[in-house]
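Engineer: The listed protein sequences correspond, in order, to chains F and C. Take the first sequence: its position 42, counted from the start at 1, is 42 in the working numbering, and no numbers get skipped. Every number in the working numbering is 153 more than the matching position in the second sequence, counting from 1.
Bear in mind the hints are in silico, worked out from the structure with no lab data behind them. What you are looking at is a predicted structure, and each value in this text was computed from that prediction instead of being measured. Ideal Cβ placement from N, Cα and C applies to all residues, glycine included. Keep in mind that the hints are not guaranteed to be accurate.
[Claimed, not checked] Using 20 Å as the maximum straight-line C-alpha spacing, the simulated EDC-like pairs for lysine to aspartate or glutamate come out as follows: (1) C:Lys234 to C:Glu380; (2) F:Lys15 to F:Asp104; (3) C:Lys301 to C:Glu286; (4) F:Lys119 to F:Asp104; (5) C:Lys570 to F:Glu74; (6) F:Lys15 to C:Asp508; (7) F:Lys98 to C:Asp520; (8) F:Lys125 to C:Asp520; (9) C:Lys570 to F:Asp104; (10) F:Lys15 to F:Asp110; (11) F:Lys119 to C:Glu380; (12) F:Lys119 to C:Glu286.
[Said to hold, decoys possible] Selected chain F positions facing chain C (Cβ under 10 Å, derived; list incomplete): (13) Leu5; (14) Tyr6; (15) Leu11; (16) Pro35; (17) Cys37; (18) Cys62; (19) Gln66; (20) Thr77; (21) Ser79; (22) Ser80; (23) Phe85.
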Amino acid sequence: MSDSLYQEIILDHYKHPHGRGLREPFGGEAHHVNPTCGDEITVRVALDGSTITDVSYEGQGCSISQASASVLHELLTGSSVSDAFAVEQTFVELMQGKGQIEPDEDVLGDGIAFAGVAKYPARVKCALLSWMAFKDATARAMAGPVTVEEDAR
Amino acid sequence: MSTPHSPLDVDRVRKDFPILERRLAGDRPLVYLDSANTSQKPMAVLDTLAEHYTRHNANVARAVHQLGEESTAAYEGARDKLAALIKAPSRDEIIFTKNASEALNLVAHTLASGLADDPRYRLGPGDEIVVTEMEHHSNIVPWQLAAKRTGAAFRWFGLTDDGRLDLSTIGELINERTKIVSLVHQSNSLGTVNDVATVVARAREVGALVLLDASQSVPHQSVDVNELGIDLLAFTGHKMVGPTGIGVLWGRREVLDGLPPFLGGGEMIETVAMTGSTFAPIPHKFEAGTPPIAQAIGLGAAVDYLTGIGLDRIHAHEQAVTAYALERLRGVDGVRIIGPDSMESRGGTVSFVVDGVHPHDVGQLLDEQGVAVRVGHHCARPVCVRYGIPATTRASFYLYTTFDEIDALADGLHQVKRFFG
């Protein structure tokens, strides 16, 4: 059942999330919600120069949205902002590829498990929720001193 | 487990709905438990739509040719059927809108416009609007906007832990400042059927209008606007085996006459001059522009279909199915009903949560077994907030729902539990 959507990797990240919980210090924070289902996530990004030293998060939602945040934490913590944005771009392209894109494990790591999600248009938003919040939080962290803002997306 | 019994020959009813024969991916049969979202359509309605476009299509109320007369007669004939359905004292009190949302917005917008001659139909500072915490967003947001525009206060009834309106504060909540009380007849997320009589009685004491959102009740039970004692009633066609794009606002003639026009345009006028215009009497006063003609005629066919079977029998069938569903759901470990847990004053819509599994995942896994439910906050987010949950899974039933389909839901939930266990 659900072989292409609920990969074992996704269920693992859902049941045993990596890096969950909001931590300090952080340079930028963003809160995103999916108004159609009520899923929400808060993502914090800590920077040291142009290196992402931590991505912390807290949220509630379905297995796809929560596992995606766990994978994001694992993939992007420790990378440079430009590398992280490249990974983010690759993940977004995979999600918007309607299941036609062959994912690159070297770039996306466990993120390749989400390839099947791209075939379910209603769930793509779930997979992207934390990544969109990450992008906003990083932009805020780069913009300067700590800002805490709420957006409803 | 008790042997379920229904007064309806459901197998025969299902033959009227070709879509119910559909096979889904993997050749699974369709188990459609999402009728509160939109109902399926019987051939009688689909044939009526095709017949209209194939043989009678013309604009209404303005053509002198034969097709125009046929089209107009069918459109106005649909109005008669809707009036009879809800026992409206006059056919002129049936206003066609595009859906229930537009009907509710029509009332909120015209009250807030300040254009009425009679102060009873003008909202302003010091006035109060009362809704409930279990409303669909379409009966919350228009009133929040109206309050913002006019300075009127926006207030609401809270909910009890078992999914009922908390009427304990009714004496204060509905008071001399209350201009309108707008509430749902049957909740689209909880299934609760509200005690309209108590609200109406209090509203009468203070002279407030009562608007009832009947989107989830008119399709499922006999509704009599006189018995209810309300002023206005809104519902939609697509939830009652009719087409999308057509809804109804009913109002007592005095109220509809008192409200100013909503949208301006053709058909809603009496005379137009560059120096000013006068308006048509109801119903046309509120029907600017070319209306959804085929959809109204299709809705008329839907009314014929439902009344042909009998709304009382449909209601009895749904009550039996719902009682069975509550019983089966109670038998699934970790399933918690959100809303009334008994058959007292409730309809055939059941929301629930499954311990440890998000509704999105529940819905997805049920879909893989061919079971179509709705997940999310069902456009009634304050209900989820009230009960401290992000979302629910909702199964909703109709005249074509079988006991076997309830079994498929319960079996599907056992699978969900195993998968995420």
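Engineer: Compare the structure with each hint and give your call.
Structural biologist: Consistency of the hints with the structure:
| no. | hint | result |
| --- | --- | --- |
| 1 | C:Lys234 to C:Glu380 | 19 Å, holds |
| 2 | F:Lys15 to F:Asp104 | 24 Å, violated |
| 3 | C:Lys301 to C:Glu286 | 19 Å, holds |
| 4 | F:Lys119 to F:Asp104 | 17 Å, holds |
| 5 | C:Lys570 to F:Glu74 | 28 Å, violated |
| 6 | F:Lys15 to C:Asp508 | 14 Å, holds |
| 7 | F:Lys98 to C:Asp520 | 19 Å, holds |
| 8 | F:Lys125 to C:Asp520 | 18 Å, holds |
| 9 | C:Lys570 to F:Asp104 | 33 Å, violated |
| 10 | F:Lys15 to F:Asp110 | 15 Å, holds |
| 11 | F:Lys119 to C:Glu380 | 51 Å, violated |
| 12 | F:Lys119 to C:Glu286 | 37 Å, violated |
| 13 | Leu5 | 7 Å, holds |
| 14 | Tyr6 | 7 Å, holds |
| 15 | Leu11 | 8 Å, holds |
| 16 | Pro35 | 9 Å, holds |
| 17 | Cys37 | 5 Å, holds |
| 18 | Cys62 | 3 Å, holds |
| 19 | Gln66 | 8 Å, holds |
| 20 | Thr77 | 25 Å, violated |
| 21 | Ser79 | 29 Å, violated |
| 22 | Ser80 | 34 Å, violated |
| 23 | Phe85 | 28 Å, violated |
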